[in-house]
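To get the working numbering, take the position in the sequence shown, counting from 1, and add 1.
Please keep in mind that the hints were generated in silico from the structure rather than gathered at the bench.
Any given hint could turn out to be false.
Said to hold, decoys possible - Listed next, the in silico DSSO-like pairs over lysine-lysine satisfying Cα-Cα at most 30 angstroms (straight line):
hint: 1; residue 1: Lys98; residue 2: Lys157
hint: 2; residue 1: Lys267; residue 2: Lys133
hint: 3; residue 1: Lys239; residue 2: Lys19
hint: 4; residue 1: Lys157; residue 2: Lys267
hint: 5; residue 1: Lys157; residue 2: Lys142
hint: 6; residue 1: Lys133; residue 2: Lys157
hint: 7; residue 1: Lys211; residue 2: Lys98
hint: 8; residue 1: Lys133; residue 2: Lys239
hint: 9; residue 1: Lys98; residue 2: Lys19
hint: 10; residue 1: Lys239; residue 2: Lys142
hint: 11; residue 1: Lys239; residue 2: Lys157
hint: 12; residue 1: Lys19; residue 2: Lys157
hint: 13; residue 1: Lys142; residue 2: Lys19
hint: 14; residue 1: Lys211; residue 2: Lys267
Said to hold, decoys possible - Between beta-carbon pairs, the in silico distance windows are:
hint: 15; residue 1: Glu57; residue 2: Pro100; range: 19 to 25 angstroms
hint: 16; residue 1: Leu249; residue 2: Ala146; range: 35 to 41 angstroms
hint: 17; residue 1: Gly109; residue 2: Pro227; range: 15 to 21 angstroms
Here the structure is a predicted model, which means the values were calculated and not measured.
All residues carry an ideal CB built from backbone N, CA and C; glycine is no exception.
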Amino acid sequence: MSNWTLETIAWDRFDASKVDPEILRNIKAAALVERNGGDYGIYLGRVFADDPAFTESVNNWVVEEVQHGMALGRWAQLADPSWDFDAAFDRFRTGYKLPLDASSSVRGSQAGEMMARCIVETGTSSYYSALKDATEEPVLKQVCAKIAADEFRHYKLFYEHLRRCLQRDRLSRWTRLRIGWGRLAESEDDELAYAYFAANEPLGAVYDRKRNMQAYARRAYPLYRPSHVQRAMAMVLKAIGLEPQGRLNSMMTRVGLWFLRRNAAKLAAQGA
């Protein structure tokens with residue numbers, strides 16, 4: 002279990018003068034996604050109904066994910082007292098649904114599901130690390146540091162279960178790469194886009210997935226530093242079954258940084 006709670010965060014250190022309004026918009030969206038961890042727990046519980054050891058781990062994971070959302074939401078309300086976290090979360094839940102009636106993984110196997118979860122935790126641990134290093138607001142820095150550490154630990158949890166599942170499912174590296182790439186591509190699906198919409202757009206606004214995803218990405222991409230990308234690439238390669246360090250990591254890190262910088266500049270121009 003996580004070694005922190007909402008009560009251990011130094012909320013009294015909040016400094017409104019150091020709030021970046023652009024980061025705030027993305028924090029509001031992230032708070033909704035993290036708080037929705039309960040639905041992911043239901044889905045994983047159904048997919049791994051025959052694996053009580055793993056479902057117990059999932060229950061602990063859900064508690065931590067929801068805590069992440071509550072911490073981010075509380076910070077966002079300090080930064081913007083007019084923001085109604087509960088109302089935004091209800092709006093998100095109304096417009097975005099997970100496949101809770103699934104009885105098997107949408108990835109084709111339990112190993113495939115674990116591969117996808119490793120990719121998700123790679124993304125979240127690197128993103129909160131980038132947020133921690135980018136913000137000057139002390140409370141948000143503390144919250145993001147705690148969340149990033151949790152997400153890295155979650156990656157290790159899912160990776161260990163991936164290794165166990167692979168003994169049965171025997172996915173090739175190519176299949177793991179395909180699943181991983183597919184989950185990376187889904188980072189621009191409706192979940193983040195709709196969370197951004199529900200958190201930031203006024204009531205009565207019309208949802209536009211592409212526009213809201215671009216608004217989120219425009220604020221997220223510039224935060225990443227080479228160290229964040231390098232660590233993320235190591236985690237991806239490890240999940241695929243390849244050497245996490247070395248020349249391949251260096252090449253992928255360069256490509257990843259090029260992608261982020263190119264798209265950050267493009268989205269910034271569009272936003273201007």
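Please work out if Lys157 and Lys267 have their alpha carbons no farther apart than 30 angstroms.
Distance of about 34 angstroms is beyond 30 angstroms: violated.
| field | Outcome for the supplied range 15 to 21 angstroms, where the beta carbon pair is Gly109 and Pro227 | value | 34 angstroms, violated
- Query: Does the alpha-carbon distance linking Lys239 and Lys142 stay inside the 30 angstroms limit?
  - Reply: This hinted pair holds, its Cα atoms lying about 28 angstroms apart.
Can the restraint linking Lys211 and Lys98 be considered satisfied, given a maximum Cα separation of 30 angstroms? With a Cα-Cα distance of about 18 angstroms, the restraint between Lys211 and Lys98 holds, given a limit of 30 angstroms.
Query raised in the report: Regarding the pair Lys133 and Lys239, is the alpha-carbon distance no greater than 30 angstroms?
Result: Holds, at roughly 24 angstroms.
* Compare the distance between the alpha carbons of Lys19 and Lys157 with 30 angstroms, and conclude whether the hinted pair is satisfied. => Violated: Lys19 and Lys157 sit about 33 angstroms apart, past 30 angstroms.
- [ ] Starting from Lys98, check that the Cα of Lys19 is at most 30 angstroms away, please.
- [x] Judged against 30 angstroms, a Cα distance of about 35 angstroms means the pair is violated.
Is the hinted range of 19 to 25 angstroms satisfied by the C-beta distance from Glu57 to Pro100? Given a distance of about 22 angstroms, which is inside 19 to 25 angstroms, the answer is holds.
Worksheet item: Going straight from one Cα to the other, do Lys157 and Lys142 come out at no more than 30 angstroms?
Response: Distance of about 23 angstroms is within 30 angstroms: holds.
### Message
Please verify whether Lys142 and Lys19 have alpha carbons no more than 30 angstroms apart.
### Response
11 angstroms, holds
With 35 to 41 angstroms as the target window, see if Leu249 and Ala146 comply at their CB atoms.
29 angstroms, violated
**OP:** Sort out whether Lys157 lies within 30 angstroms of Lys133, counting only the CA atoms.
**Re:** Holds, at about 21 angstroms.
Hint check: violations occur at hints 3, 4, 9, 12, 16 and 17; the rest are consistent with the structure.
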